[in-house]
Amino acid sequence: MDQLRHDTPWTALDALEAEAIFILREVAAETERAVVLFSGGKDSVCVLRLCEKAFRPQRIPFRLLHVDTGHNFSEVIDFRDRRARELGAELIVAEVEQAITDGLVRPHGPTESRNRAQIPVLLDALERLGAQAAIGGARRDEEKARAKERFFSFRDSFGQWEPRRQRPELWDLYNAGVHPGDQLRIFPLSNWTELDVWRYIRRERLELPSVYFAHERDVVWRDGQWLGVHAPVVVPKPGEETTRLRVRMRTVGDVTCTGCIPSEADDLSGVIAEVAAARTSERSGRADDRVNETSMEDRKREGYF
Amino acid sequence: MNARTTALAPRPTAGLRDDIELLRFATAGSVDDGKSTLIGRLLYDAKALFDDQLEDLARHADLARLTDGLRAEREQGITIDVAYRYFSTEARRFVIADCPGHRQYTRNAVTGFSQSDVAVLLVDARHGVVEQTRRHALLASRFGTERIVFCVNKMDLVDFGEDVFRRVERELAELARALELPPDAIDVLPVSALEGDQITSRSARLAWFDGPSLLERLETLPVRTEPASAAGRFAVQLTLRPEGDAARRRYAGKVVTGRLSVGDEVTVLPSGQRSTVVSIETFDGPQAVASAPRDVALRLADQIDVGRGDLIAVGAAPPLERRRDAIVCWMSENDARAPRALELKHLSRRIKCRLRHIAHHVDLDTFAPSEQEAPRLALNDLARVQLDLAAPLPIEGTTGAHPLARFILIDPQTRDTVAAGYFV
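Those protein sequence lines, which keep their order, are chains A and B.
Its first residue numbered 1, the first sequence is counted upward by one per residue in the numbering used here.
Its first residue numbered 306, the second sequence is counted upward by one per residue in the numbering used here.
Quick caveat, the hints were computed from the structure, so don't treat them as lab data.
A portion of the hints provided could be inaccurate.
[Unchecked claim] Straight-line alpha carbon distances no greater than 30 Å define the calculated DSSO-like cross-link-like pairs of lysine-lysine that follow: (1) A/Lys144 with B/Lys352; (2) A/Lys148 with A/Lys53; (3) B/Lys352 with A/Lys148.
Quick caveat: nothing in here was measured; it's all calculated off a predicted structure.
All chains should be built: construct the whole structure from the sequences, respecting the hints.
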């Protein structure tokens with residue numbers, strides 16, 4: 001017989017992992033047709049590993065859902081599809097492009113950020129899948145409006161979040177009961193920080209899309225940040241100049257609003273050292289959050305993640 | 306900001322190591338005790354702030370702004386809910402549950418304390434123990450843990466005087482006795498959050514105090530809050546059924562107290578069936594032993610009926626109860642009268658229950674049964690009640706610190722959580 005492991009010391013990552021696994025198992029037991037929102041981004045990569053830890057050797061009891069703006073980095077989309085296949089999970093892609101064709105959303109222009117357009121597409125997909133719960137990798141440390149978010153966040157049948165209507169969460173006694181039509185958003189990484197996510201990725205040896213690591217890219221300086229050139233949606237405007245820089249992405253979203261940061265960090269240790277020493281918050285690279293001080297709060301009220 | 310605290314160097318090593326522990330603490334104090342300033346000070350001195358936050362601080366010179374939350378709250382000038390903050394030092398990773406201090410927010414204080422290993426309670430050095438101090442200490446020790454760090458704050462306003470501190474310290478010792486807390490569960494520290502004394506380092510102005518700074522104490526307090534000597538208890542969350550391997554069901558769940566080992570004789574509750582632990586499994590491989598609070602999956606030697614909500618107990622099984630007294634904190638804006646049909650969640654088990662009788666309210670200031678009539682439960686009330694349980698529950702412990710004592714109550718109509726409680 002193999003040497004069995006005894007309890008290892010209980011570290012911060014162990015505590016955060018245990019909290020998340022417990023929550024995922026409660027979601028599986030107390031809700032119907034829950035989905036995991038999987039974009040290929042680093043946070044959702046961690047959520048999928050936590051699902052493996054919660055349910056293996058059984059199959060993961062959730063489908064994966066991605067709201068694809070159509071303006072994504074192709075290497076991220078390739079990674080998304082490959083990871084879903086490896087897990088043997090069903091991946092459903094809800095396309096903003098299709099929603100525009102169908103008239104569900106109406107964009108203001110071809111180069112506009114489609115972040116806001118994700119909201120109706122997400123709500124429509126959840127409704128069609130009959131999902132009572134959508135599990136996401138959002139964290140409380142990302143933004144002020146998230147600091148009071150619950151693990152189990154209640155949304156009405158329009159997907160709206162109302163801070164005063166949230167349920168108290170006592171100990172680890174989670175109450176996931178909802179009325180038909182109402183929905184839950186579940187955030188198992190609520191208590192994680194950006195640094196915890198990176199340390200967990202290193203500890204678990206998780207693969208990530210290459211855009212998270214330093215690489216050469218054509219970029220333009222716009223609205224106080226470097227944007228990757230991505231024809232036809234991000235092209236130099238008159239007066240802007242294309243520069244080739246060594247950069248990496250700190251968060252990965254729609255190409256029209258995901259800023260790159262100049263970086264030499266081409267491996268996990270490099271990224272971790274960089275994140276630990278960072279002097280600006282993670283989402284400061286996201287143009288969508290910088291519109292005004294409360295833009296995240298406003299989008300959340302409308303049903304954004 | 307005062308001049309002594311303006312120099313900022315990044316701490317590139319903070320949080321880099323994978324072997325640091327996590328400590329969760331809840332902060333609470335009266336409205337003007339300087340709680341927001343204390344948290345701002347900790348984050349600032351621990352260099353957990355980003356440049357945009359520091360710019361804001363430079364503009365407004367107010368540490369309390371760092372913990373302001375939602376626009377809805379800023380507009381009304383109140384804090385409506387528990388807010389969570391994070392920071393790391395080289396020794397530990399911290400989660401702060403920041404509980405608003407208003408009288409009407411007992412509900413939030415209970416929530417914050419229930420999520421924490423330690424309560425950090427602020428006491429104004431000029432005023433000593435006040436009503437709010439007593440209330441928070443009661444709620445922390447009953448719904449959270451017995452471990453409380455009292456920060457006697459605003460020492461700068463009493464000329465850093467030792468006499469003032471010792472007087473407050475005696476009042477707090479008296480309070481701890483009234484709450485029947487073990488003396489070693491309590492720390493009393495003199496601090497000035499505004500000026501940074503004894504927050505992250507020792508202060509020359511408090512040289513007469515030979516104890517640690519607040520951060521030093523938080524870096525060394527024990528993290529685990531489960532009763533160390535408690536018997537092995539495992540709460541089943543769900544049954545895992547690997548495809549093509551139906552005979553090898555595993556029971557996924559959490560070790561809630563004590564520890565389980567391969568080969569342990571166990572009793573499944575409430576059925577009372579007995580079996581033996583064959584294996585303890587995780588995604589990372591099998592284990593010989595699992596201690597609380599680990600999430601694992603068990604296999605048992607016998608094909609017996611086990612499912613969600615069951616408790617797997619090592620050694621002497623806890624008693625099964627159908628009627629028990631409990632202390633509840635009512636958290637709903639809708640009042641309740643007895644009798645009332647409710648749902649109760651204990652571990653991973655949901656059962657029907659009946660609020661049979663409201664014995665009396667608990668006076669939050671004297672901790673004694675309240676003199677007044679107790680016909681109903683209103684928001685933020687603390688009361689002793691009697692509950693009829695539709696199915697027998699295994700109950701152990703006498704405060705919310707014990708996983709087998711605590712529960713939540715759910716309104717079957719609205720499906721909302723309406724109370725937190727513990728069996729007594």
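Status of the hints after comparison with the structure:
| no. | hint | result |
| --- | --- | --- |
| 1 | A/Lys144 with B/Lys352 | holds, 18 Å |
| 2 | A/Lys148 with A/Lys53 | holds, 27 Å |
| 3 | B/Lys352 with A/Lys148 | holds, 22 Å |
Comparing the model with each numbered hint stated earlier shows that all of them hold.
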